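Quick mapping for you: the protein sequence lines, in order, are chains A and B. For the first sequence, counting from 1, position 165 maps to 165 in our numbering; every step adds exactly one. For the second sequence, counting from 1, position 187 maps to 187 in our numbering; every step adds exactly one.
Treat the hints loosely; a few may be bogus.
Distance ranges between label pairs, derived from CB positions [unchecked claim]: (1) A:Met235 <-> B:Ser312: 30 to 38 Å; (2) B:His331 <-> A:Gly179: 46 to 54 Å; (3) A:Gly155 <-> B:Lys323: 16 to 24 Å; (4) A:Met235 <-> B:Glu56: 31 to 39 Å; (5) B:Asn21 <-> A:Met235: 25 to 33 Å; (6) A:Leu172 <-> B:Glu208: 53 to 61 Å; (7) A:Gln232 <-> B:Asp51: 53 to 61 Å; (8) B:Ala301 <-> A:Leu172: 52 to 60 Å.
FYI, nobody ran anything at the bench for these hints, they're computed from the structure. All figures in this text were calculated on a predicted structure; none of them were measured in a lab. Each residue gets a CB set at the ideal place from its N, CA and C atoms; glycine is no exception.
Here is how the chains run, residue by residue.
2 protein chains.
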Amino acid sequence: MLEHGGRLNEVAREYGIPVENWLDLSTGINSDGWPVPTVPAECWNRLPEEDDGLLEAARAYYGAQPLLAVAGSQAAIQALPRLREPCRVGVFAPAYAEHAHAWSRAGHTLITLDDNAPNIDGCDVVVVVNPNNPTARLWSLAQLQQWHSELATRGGWLVVDEAFLDTGESGLSMLQATGEPGLIVLRSLGKFFGLAGLRVGFVAAWPELLGALQEQLGPWGISHPARWVATQALMDRPWQQQARVRLQQRSERLHRLLGEYGLSPRAGTELFQWVVDEQAPRWQQALAAEAIWVRRFSEPASLRFGLPVDESQWQQLEQALAKIQRERVIHVA
Amino acid sequence: MLEHGGRLNEVAREYGIPVENWLDLSTGINSDGWPVPTVPAECWNRLPEEDDGLLEAARAYYGAQPLLAVAGSQAAIQALPRLREPCRVGVFAPAYAEHAHAWSRAGHTLITLDDNAPNIDGCDVVVVVNPNNPTARLWSLAQLQQWHSELATRGGWLVVDEAFLDTGESGLSMLQATGEPGLIVLRSLGKFFGLAGLRVGFVAAWPELLGALQEQLGPWGISHPARWVATQALMDRPWQQQARVRLQQRSERLHRLLGEYGLSPRAGTELFQWVVDEQAPRWQQALAAEAIWVRRFSEPASLRFGLPVDESQWQQLEQALAKIQRERVIHVA
Chain A
1 MLEHGGRLNE VAREYGIPVE NWLDLSTGIN SDGWPVPTVP AECWNRLPEE
51 DDGLLEAARA YYGAQPLLAV AGSQAAIQAL PRLREPCRVG VFAPAYAEHA
101 HAWSRAGHTL ITLDDNAPNI DGCDVVVVVN PNNPTARLWS LAQLQQWHSE
151 LATRGGWLVV DEAFLDTGES GLSMLQATGE PGLIVLRSLG KFFGLAGLRV
201 GFVAAWPELL GALQEQLGPW GISHPARWVA TQALMDRPWQ QQARVRLQQR
251 SERLHRLLGE YGLSPRAGTE LFQWVVDEQA PRWQQALAAE AIWVRRFSEP
301 ASLRFGLPVD ESQWQQLEQA LAKIQRERVI HVA
Chain B
1 MLEHGGRLNE VAREYGIPVE NWLDLSTGIN SDGWPVPTVP AECWNRLPEE
51 DDGLLEAARA YYGAQPLLAV AGSQAAIQAL PRLREPCRVG VFAPAYAEHA
101 HAWSRAGHTL ITLDDNAPNI DGCDVVVVVN PNNPTARLWS LAQLQQWHSE
151 LATRGGWLVV DEAFLDTGES GLSMLQATGE PGLIVLRSLG KFFGLAGLRV
201 GFVAAWPELL GALQEQLGPW GISHPARWVA TQALMDRPWQ QQARVRLQQR
251 SERLHRLLGE YGLSPRAGTE LFQWVVDEQA PRWQQALAAE AIWVRRFSEP
301 ASLRFGLPVD ESQWQQLEQA LAKIQRERVI HVA
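Start from the sequences and build out the full structure, keeping to the hints where you can.
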């Protein structure tokens, strides 16, 4: 299993600080997520049914069809590689590592693409996380369309993981082109909606691919309460509009704050800021000593900061940064 | 996708009767399930973590370890066939059809075993649903142990699906022998606990198998709210004791009632009664005309009746049976 953010129980034990004292900024999940009301009892007791309105709500929200609901985009990430004979799969690095892991495990050959000058000539499949996690790199629609058309010509696939695009402009999404063979777009309710616990995501692609994926995933992959909550969240337009505004404000504030303490982000999305710093391991430890947990990456040495939500969280972060600076725990250039 | 009970939205539309008027007896799920309290908000918002107490609660409840929590036993049913090279797999018929479907889809060769004189000599894997669904057939521990030992000798597996055993005597379960190579036992929170919407089940087996299965299933398969609810339900001993008594009483009452109207069950568990009848299709339709939905099987022609819960449900069933008898809709021998 790969390492991920969010393992707070484990971290709390390791640092000997009670779990409730921590400010967890280790994920790119909106921790001010959609407020879940009481779930009807039958959601717990009865098997979920496919025709419960979830897909209609998703089609309206994403403006795309055909769509398939899956148990988090992770379920699709794991199943897609099983739908092709072993082939050559282009991936970027660093990127959300579960993609490469899943394709490799299913017997495919990985080709690492150059971020600056990607050459996909030798690829049957290309996987793009857009915007990328953690680098926040955003590929243009024109570039993605060119790759799709090139890959589709030779029976290949372009997989675009848009887990972090929910908050952004719709003009950045490849959802509008889905339905054509060779293009697979992944979406998740985990990040923008802050419903990571639900395990609900969507795959937009051409009908034959979705049929094969559905058969591969089998029945009842998504829990019944999750289907009900997801349907309500997708339909709640007022919350979505307010959340977009709040996230943008917080993301800008985080960008400024980190910059003030020598951690200028190289890039960011509306859900996280990415800081490249040789001393990333020391920063992670120093922040953890102040009960703040951030995600660290090795290549390049970098940190990903999720967004604080309320004033007490902003203060905890600012005071920790100030203390690290004051006590010269880390020499900031 | 295979057909299953529980598709009530679809059935309601087909018969033109509003979904809320139906008495759904089409599943073997305890519809008087564990009462779910309000779930903490963080269960929806945060990714689930592995070290949250679910496994400890499950180990205490099942008295078995090692255990792996999975997103319903269905997740294990689909993944297990991917952990072996193509081989010969013995299955019984009729039985819960997802097993045979999953092994066949993964490229294995199915061998249908004779219920009365099963010969497993040619099998590398044998799958037993115990008690069986829908026939309620229960294999003895001695028989299962013999098969396990025979299969294990040649590197084979015995898979015992105990989804319907939660209510029964612990002396009927193979859980006590798990940990030894070659024995895989599946459990589910869907049936006895009536938490089918949750998608939580457990696999008990030897550590290497569980490690490979975990790797195959990937992270976060079970939703966070589901993990929280499952943990509470597994620890609620008073509810479990009361539920066992109630289910036994209802199952006996259903057995008597069906017998009084010419539908003597051939066998049953504490969660359903199984009625073999040439006229099963006509019975299913006649009951549906009274807004009662039962599950029908073709080979042999038979019906599976789940348990009514409250007096109004018992009356709806009895009045429907009386009306069908009175109006001679079906000629009962």
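Checked hints:
The hinted range of 30 to 38 Å is satisfied by A:Met235 and B:Ser312, whose Cβ atoms lie roughly 33 Å apart. A hinted range of 46 to 54 Å for the beta carbons of B:His331 and A:Gly179 is consistent with their spacing of about 53 Å. Between A:Gly155 and B:Lys323 the CB atoms are about 59 Å apart, so this pair departs from the stated range of 16 to 24 Å. The hinted window of 31 to 39 Å between A:Met235 and B:Glu56 holds, with their beta carbons roughly 38 Å apart.
The hinted window of 25 to 33 Å between B:Asn21 and A:Met235 holds, with their beta carbons roughly 26 Å apart. A hinted range of 53 to 61 Å for the beta carbons of A:Leu172 and B:Glu208 is inconsistent with their spacing of about 45 Å. Between A:Gln232 and B:Asp51 the CB atoms are about 30 Å apart, so this pair departs from the stated range of 53 to 61 Å. Range check, B:Ala301 to A:Leu172: Cβ separation about 57 Å, and the 52 to 60 Å hint holds.
Comparing the model with each earlier hint shows violations of hints 3, 6, 7; every other hint is respected.
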